Amino acid sequence: DVVMTQSPLSLPVTLGQPASISCRSSQSLVHNNGNTYLHWFQQRPGQSPRRLIYMISNRDSGVPDRFSGSGSGTDFTLKISRVEAEDVGVYYCMQGTFRPPTFGPGTKVEIK
Amino acid sequence: EVQLVESGGDLVQPGGSLRLSCIASGFTFSNYWMTWVRQAPGKGLEWVANIGKDGRDTYYVDSVRGRFTISRDAAKNSLYLQMHSLRDDDTAVYYCARDRDFHNFDLWGQGTTVTVSS
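Chains A and B, in that order, are what the protein sequence lines are. Just add 1063 to the spot in the first sequence (first one is 1) and you have my numbering. Just add 676 to the spot in the second sequence (first one is 1) and you have my numbering.
Check each hint, because a few of them may be wrong.
What the hints assert, rightly or not - Cut-off 25 Å, straight-line C-alpha distance, at most; resulting in silico cross-link-like pairs (DSS-like, lysine-lysine):
hint : chain 1 : residue 1 : chain 2 : residue 2
1    : A       : K1175     : B       : K719
2    : A       : K1142     : A       : K1175
3    : A       : K1142     : A       : K1171
4    : B       : K752      : A       : K1171
5    : B       : K752      : B       : K729
6    : B       : K719      : A       : K1142
Unchecked claim - Examples of chain B residues toward chain A, derived with CB under 8 Å:
hint : residue
7    : F703
8    : T704
9    : Y735
10   : V737
11   : F781
12   : D782
13   : Q786
For the record, the hints were derived by calculation from the structure and aren't laboratory data. As the structure is a prediction and not an experimental result, all values here were calculated from the model. Think of the CB as a built atom: it goes at the ideal place given N, C-alpha and C, for glycine as much as any other residue.
Okay, chain A solo, but in the shape it has when bound (with noise of 0.2 Å):
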């Protein structure tokens, strides 16, 4: 299976500034088809996961421009431009080019 991997597990930051979170995956997540189907999804806290960009880069219908996402092969980024209160939860990466699907560990953003 493929292993997800993301640094930092616990991000805190002040409201304002801007934040990023680093997934890596443990082979190239490239598809045959030449597209790569690594997304992002966001979990409030008591919430229900949501995505938030798929495919690398796409954000979500609703989802803030402050939103992006970015990289290829086996390195990939989220970065919020600048971090508001309702962005505290959980983020995860998710790998969909092999089967199983597998997700990293999640990233807890909270603010200082």
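We have chain A; now place chain B onto it with these hints.
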């Protein structure tokens, strides 16, 4: 409204069985793969199983294969997870999710809680 609503979670003894349901609304159910993802208390997300648009293709994580069965009923816009031989480590919130191409989970339910304990 486009949504998924799970039900069926309960407290069950080790070795017992349970059937989870997920009702889809607001979209054409038969156009999508569907999946179950679980989250143990205080832990991360784990994909459990998924099923093709017509129900013929099913896949499972190794830890549940042979014990869990995923199925769907197009007429009822419903997804199911039949769970047998439940173990303590099956304790989790179980989410159903709409599964676009290549495990791309774009819509999630609110979850249903399964507790396996004597």
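Evaluated hints:
Taking the CA atoms of K1175(A) and K719(B), the gap is about 23 Å. The hint holds against a cut of 25 Å. For a cut-off of 25 Å, the pair hint linking K1142(A) to K1175(A) stands: about 17 Å separates their Cα positions. Taking the CA atoms of K1142(A) and K1171(A), the gap is near 14 Å; set against the 25 Å cutoff, the hint holds. Distance restraint check for K752(B) and K1171(A): the Cα-Cα separation of roughly 38 Å exceeds the 25 Å cut-off, and the hinted pair is therefore not satisfied.
About 14 Å separates the Cα atoms of K752(B) and K729(B), which keeps this hinted pair within 25 Å; it holds. Taking the CA atoms of K719(B) and K1142(A), the gap is near 23 Å; set against the 25 Å cutoff, the hint holds. A cut of 8 Å between beta carbons decides the hint on F703(B): the least distance to chain A is about 14 Å, and the hint is violated. Taking 8 Å as the C-beta cut-off, the interface hint given for T704(B) is violated, the closest approach to chain A being about 18 Å.
For the restraint placing Y735(B) at the interface with chain A, the shortest Cβ-Cβ distance is roughly 6 Å, inside the 8 Å limit, so the hint holds. With its C-beta approaching chain A no nearer than about 5 Å, V737(B) sits inside the 8 Å limit, and its interface hint holds. For F781(B), the interface hint holds, the least distance from its beta-carbon to any beta-carbon of chain A being 6 Å, beneath 8 Å. Taken as an interface hint, D782(B) checks out: its beta carbon lies about 5 Å from the nearest beta carbon of chain A, inside 8 Å.
For Q786(B), the shortest C-beta to C-beta distance to chain A is roughly 5 Å, which falls under 8 Å, so the interface hint holds.
Checked against the numbered hints above, the structure violates hints 4, 7, 8; every other hint is satisfied.
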